[in-house]
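Colleague: Once you have looked at the hints, place chain D on chain B.
Protein chains: 2
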Amino acid sequence: MPHSLLDHIRKFISLTPELEAQIPEYFERLEVGKKEVLLPANTICNRLFFVEKGCVHAFFTDRQGVEKSVQFALENWWISDYQAFYKKKMTDSTIQAVEDSVVWSISKERYDALLVEHPATESYFRKMYEIGYGAVITRIKYLFTYSKEEVFYNFSEQFPYFVQRVPQYILATYLGLTPEYLSKLRAKRRS
Amino acid sequence: MPHSLLDHIRKFISLTPELEAQIPEYFERLEVGKKEVLLPANTICNRLFFVEKGCVHAFFTDRQGVEKSVQFALENWWISDYQAFYKKKMTDSTIQAVEDSVVWSISKERYDALLVEHPATESYFRKMYEIGYGAVITRIKYLFTYSKEEVFYNFSEQFPYFVQRVPQYILATYLGLTPEYLSKLRAKRRS
Numbered sequence: 022m023p024h025s026l027l028d029h030i031r032k033f034i035s036l037t038p039e040l041e042a043q044i045p046e047y048f049e050r051l052e053v054g055k056k057e058v059l060l061p062a063n064t065i066c067n068r069l070f071f072v073e074k075g076c077v078h079a080f081f082t083d084r085q086g087v088e089k090s091v092q093f094a095l096e097n098w099w100i101s102d103y104q105a106f107y108k109k110k111m112t113d114s115t116i117q118a119v120e121d122s123v124v125w126s127i128s129k130e131r132y133d134a135l136l137v138e139h140p141a142t143e144s145y146f147r148k149m150y151e152i153g154y155g156a157v158i159t160r161i162k163y164l165f166t167y168s169k170e171e172v173f174y175n176f177s178e179q180f181p182y183f184v185q186r187v188p189q190y191i192l193a194t195y196l197g198l199t200p201e202y203l204s205k206l207r208a209k210r211r212s
Numbered sequence: 022m023p024h025s026l027l028d029h030i031r032k033f034i035s036l037t038p039e040l041e042a043q044i045p046e047y048f049e050r051l052e053v054g055k056k057e058v059l060l061p062a063n064t065i066c067n068r069l070f071f072v073e074k075g076c077v078h079a080f081f082t083d084r085q086g087v088e089k090s091v092q093f094a095l096e097n098w099w100i101s102d103y104q105a106f107y108k109k110k111m112t113d114s115t116i117q118a119v120e121d122s123v124v125w126s127i128s129k130e131r132y133d134a135l136l137v138e139h140p141a142t143e144s145y146f147r148k149m150y151e152i153g154y155g156a157v158i159t160r161i162k163y164l165f166t167y168s169k170e171e172v173f174y175n176f177s178e179q180f181p182y183f184v185q186r187v188p189q190y191i192l193a194t195y196l197g198l199t200p201e202y203l204s205k206l207r208a209k210r211r212s
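Chains as they are written, first to last, in my numbering: chain B, 22 to 212; chain D, 22 to 212.
Hints may be right or wrong, so weigh each one.
Claimed, not checked - In silico contact screen, one side only, chain B against chain D (beta carbon under 10 Å); selected entries:
1. V91
2. T115
3. E138
4. P140
5. I152
6. Y154
7. L164
Claimed, not checked - Far from chain D, by Cβ distances over 12 Å, these chain B residues were calculated:
8. D121
9. Q185
10. T194
11. A208
In case anyone wonders, no lab produced these hints; they're calculated from the structure. From a predicted model like this one, the values you see are computed outputs, not experimental measurements. Idealized CB from N, CA, C, for every residue including glycine.
Chain B with its partners taken away, still in its complex shape (with noise of 0.2 Å):
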């Protein structure tokens, strides 16, 4: 039976038939709606989450009362608010689903249990890390130097699907636009 999650893992550590019958049972498989959320702000992050179908993204409301996207996680990827799930705090994002999801959810306590039982994840998930973690300093540079309009169409053009996917008033606050910026540079571009 295809598992996207073994598949996923598969494809940066080799997994013994053992590990394979295993790690599954470290997880909860969900599937949640459309604007479901996942880990609600002002909780816990006690919760890792791997999107086997879908798109889950992470938000906080700034002072404004404005909700800003600061993460996305499309299939075959993960998401949690990470400096919070590290050390088991308080979250000030809300991890929701975008659109219609499957996604393995595991808990902070069977996931400190699974590196622990099973080593071999332990590089599995250092490579999530250093990926994620090169990724995201690549998307500070990129605020730092492009203007607006240019972050906007520079992301379309690496990203198209991802674009076409996303509701635009999410889309404009992950990338730090307003939603009637983005709605403007749209219209440009059609015209």
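Modeller: Just chain D, lined up with the frame of chain B:
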């Protein structure tokens, strides 16, 4: 003999005497002067650095020719262009000492060998990247939430030692400000 790198690793994983003896052999210890370049831009990023003493930053040159700091490492922190290092690709960042520094340097080949030959180190690097990844996402949240003035004040409150040590023009670009603007803010604060 105290050993900054081993002391740091020991905070995150347990080390056997055998491992303690072997880890330093994967690294070179470098003493570098202020402004000395550890890794030049437009070369293959095949080095990861741990700062024992001093301060190191990574900067790139934007299209206006302005050097912008994207990362810093004080004592007991790692620095590289992680995205380029992971794939052993060309980097557009220069890694440079901000002060006279003592640095442990590991090549990509030796890093890969260390992780394979001593899998216990996977857990250490997984934790480093998990912490770093979370911290950079928080930095993006700050950039999206606060005014430029607030970014500086928040940063000064959280990392006063850092603001004291790092030259103003470097600190300014790291916070997404111009040196002139930062200079005004500092004057305002003193008055």
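Colleague: Indicate, hint by hint, whether the structure satisfies it.
Modeller: The hints, checked one at a time:
1. V91: Holds: closest Cβ of chain D sits about 6 Å from V91(B), inside 10 Å.
2. T115: At 13 Å from the nearest chain D Cβ, T115(B) fails the 10 Å test, so the hint is violated.
3. E138: Violated: closest Cβ of chain D sits about 13 Å from E138(B), beyond 10 Å.
4. P140: Hint on P140(B): holds, closest Cβ of chain D at ~6 Å, below 10 Å.
5. I152: holds, 6 Å
6. Y154: This interface hint holds because 4 Å falls under the 10 Å limit.
7. L164: Since the shortest Cβ distance to chain D is 7 Å, the answer is holds.
8. D121: The claim holds: D121(B) sits with its nearest Cβ about 25 Å from chain D, beyond 12 Å.
9. Q185: holds, 23 Å
10. T194: It is violated; T194(B) is separated from chain D by about 8 Å at its closest Cβ, not greater than 12 Å.
11. A208: The assertion about A208(B) holds, with a minimum of 24 Å to chain D.
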